[in-house]
Amino acid sequence: MMSTRFQPDNVPSTAKAVEGTPLLELKGIKKRFPGVLALDGVSFDLQPGEVHVLFGENGAGKSTMISTIAGVHQPSDGEMLFQGQPLHIQSVHHARSLGISAVFQEFSLVEQLTVEQNLFLGSEQTTRGILNRKAQHEEAARILASLGFPLKPKQKVAYLSRAEQQMVEIAKAFRSDLSILILDEPTASLTERETNRLFELVEQVKSQGVGIIYITHRIAEIRRIADRVTVLRDGRYIDTVDAKSTTEEQLISLMTGRLISQIFPEINFDPGEKLLLIDNLSTSDDRVKEASIHVCRGEIVGLAGLVGAGKSKLIRACFGLEDIYQGTVMFGDEDVTGLSTRQMLDRGFFYSPPDRRSEGLVMNRSCRENISLPSLHLPAFHNWQFLRRKGELKMVSDLASRLQLHPLKIEREVDHFSGGNQQKVLLAKCLTRDVELYVFDEPTVGVDVGTRVEIYKFIAKLCENGAAVIVISSDLPEVLHLSNRLYVMHRGRIQAELSGDEITQENVLRNFFDKEAA
Amino acid sequence: MSSEIQSGQSAQEVADQQPASARSLQYYLQLIFVRLGVLPFLLVIALVTFTLTSDNFLTSRNLLNVVRQSSYLTLIAVGQMFALLTGGFDLSVGTIIALTSVVGATAMAAAFVAVPDSIWLVITIGIVAGIAAGALIGAINGIGVAIFGVSPFMMTLGMSSVGFGVALYLTGGTPVYGMPAEFGDIFGFGNLLGMPAPVMVGLALILFLYILLNWTRLGRYFYAVGGNLKAASLSGINARLTLFLAYLICGVVAAISGILLTARLDTGEANIGASMPLESIAACVIAGVSLRGGVGRLENVVLGALFIGLVQNGMNLARIESYLQTVVIGALLIIAVIADQARLRVMANMQD
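Here the protein sequences line up with chains A and B, keeping their order.
In this text, residue positions in the first sequence follow my numbering: the first is 5, and each later residue adds one.
In this text, residue positions in the second sequence follow my numbering: the first is 815, and each later residue adds one.
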């Protein structure tokens, strides 16, 4: 399965990588969580001075794997070799002492503390038990300066932007000697300039012989900094390939196990009259600025942009979830600016939120109750003052079998279903009532490929039946392949509107970042 | 997809695949524990223990006595459940009882002096005034929690001090006398179809709340708002109104309990109900109501409250000192919480 060994061409002494044993080697690592085999016999090796990308879908096991290497979890089975020696990493602290540092997507920062206090959290410098604040401050300033991050050590983390918090998280990894650096989608919230700076740093530590494990979804980044790519799928090792010579199509089919054409359905768009018209809309918190878009019946409109670009906020403002500062929202012929969530639902506007745990579902209640929740006041569910529980049961059962809920047990708590099936429950909620405009915010987060294909078909069918659909997504292939038209947002503004052949990855990415930086 | 199939299996499916010999008694006990919580086990232990320690325990007269004595706590626990379902709790239920008692008795006594001939009018005025006082506390709790976002802990703790202070101020700390004797005779000591009046009132109210909770939209919304407030709002539910109504219902139900207790005591007392916040929360938690909100069944809460009444009665018969009894109740509450967490672990194991 392994492809030929690849030599990083910017390491001066090529002999170093060949002679040296791998920095880290995993053999048949398994990790079992209650009910789930998250890693199923994964093998992996990391050479000194290489950038090794882990590639795979959400839920493929990438995060579990780096957590295992960083000492967050202990493997259930398998062997780990560090510089040729067998090793059991007991804790994050132990991993740190070996020079293994991880920068996770979910920040491990204490927001109430300052940047420097966070940097040294867990390894504070003391003199006879008393904190040595001055030394710590100087050391923090030195680290930040060497990394080129424009942060003040005394600033509270709570006041920093997401990108700045990401920088603090990266700086934490650099506070002690490094042997392995793990970066989990570090550029997700960085600007182009900050990303360039990060890549320079990566090159720098690479030349010092540090091994870097890098998780990304972006093919462009793989091209730019990776040496080798290991692909995981459903917790299993698929292949390790050379980063420069493997094409995008090959990578995606390795990742998903199918060709792109098998994942995304062919959709026949038949745009009719304009249904939603947003004109010059700004929110009170200034996260959306003077945005104007329109959506017609019978088409899917994509909204793309980085995290925090305002693509969710724009739609949430129309759904009564954000305060509108200026602008108008027309739904059909009616001015619906500033109406409540209930009023928008009753007009046929349905918004499916991105995070099913925090906003989408009542996790400790049954599928039945979740699915019928938005529609209990409709005659189908409700008669005078009482619920029609038989009618509810029948309607929900039909929906659940139509969406192939597995296992088909609608009285079970949502929490006890897999991510893909939870997502199906979330989607089923919009089928209990008449909807003219469906908005799906990140519809396939944490969902396996099989379910993804089903969800795309589901969305395509809604559109072909004449509904208007908006898909908000940070997953580029998703918006690229589903959309009839595509709006790209950046810092709260509509940066571009693309349609037809203009919808390409290059065109979208060009509008993701600051104009001056691009 | 294969891992999904594994993780998605329920305990029963696993059981179906196991050979019959593997389905031992232990397995069924675990299943009962996971499904119903710790209450069935505690009930069995209590019944066996008290039957062995006292000959008078397992008699129909004593058990009816337990039901009557527990009816006040049962009502309060059922009201408390609404607050718990929405993810909060109400520490002011004791104060609501005291204030209801004082206001109801004062109003009734005053009306009795004014119109001594219309007994029913006097009683109605007293009951309405008392329940209105309790409902007011519940409404203020609801406004604080739902509109101003005060944590239920601080809001109801604060209101319990406010209400208690008002009740003491109104009475000067002395009991209120002067209610018509019929009030106590009917609502305190009366019988209907062989059932004590407080039990009958309690049953009617419990039936009403059961229907409200299980057969109306509002009932469903309490569960949804407590389970996930954001998801409920995004589904078009007025979450603030739902929260407000939970505290209002809790207040009204506690007030009705307070009226019944006043009838039994025949006086308006500011010093009753102090143990009710703890005992009502204990009854709910023992009955499997989640402190995180969104989970709980009303019929179990009734059983939970009866269980606490049973334990108190059994300890009285066994001549255990009342000071020690409060130790037992507190310990039971903590055991119930620990058992609830153990339940989650057993549940995870069984699904594996």
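Rather than coming from a laboratory, the hints here were simulated on the basis of the structure.
Be aware that a few hints might be false.
[To be verified] Derived CB-CB ranges, DEER-like:
1. B:942 to A:384: 38 to 48 angstroms
2. B:1142 to A:47: 52 to 62 angstroms
3. B:982 to A:129: 28 to 38 angstroms
[Stated by the list, open to error] Quick list of in silico lysine-lysine cross-link-like pairs, BS3-like style, CA-CA up to 27 angstroms:
4. A:413 to B:1044
5. A:413 to A:465
6. A:158 to A:138
7. A:317 to A:278
8. A:317 to A:160
9. A:293 to B:1044
10. A:398 to A:461
11. A:398 to A:413
12. A:317 to B:1044
Owing to the predicted nature of the structure, the values given are computational and were not obtained by experimental measurement.
For glycine and all other residues, C-beta sits at the position ideal for the given N, C-alpha and C.
Consistency of the hints with the structure:
| no. | hint | verdict |
| --- | --- | --- |
| 1 | B:942 to A:384: 38 to 48 angstroms | holds (39 angstroms) |
| 2 | B:1142 to A:47: 52 to 62 angstroms | holds (58 angstroms) |
| 3 | B:982 to A:129: 28 to 38 angstroms | violated (57 angstroms) |
| 4 | A:413 to B:1044 | holds (25 angstroms) |
| 5 | A:413 to A:465 | holds (25 angstroms) |
| 6 | A:158 to A:138 | holds (12 angstroms) |
| 7 | A:317 to A:278 | holds (21 angstroms) |
| 8 | A:317 to A:160 | holds (26 angstroms) |
| 9 | A:293 to B:1044 | holds (25 angstroms) |
| 10 | A:398 to A:461 | holds (24 angstroms) |
| 11 | A:398 to A:413 | holds (13 angstroms) |
| 12 | A:317 to B:1044 | holds (15 angstroms) |
Against the hints set out earlier in the document, a violation occurs for number 3 only.
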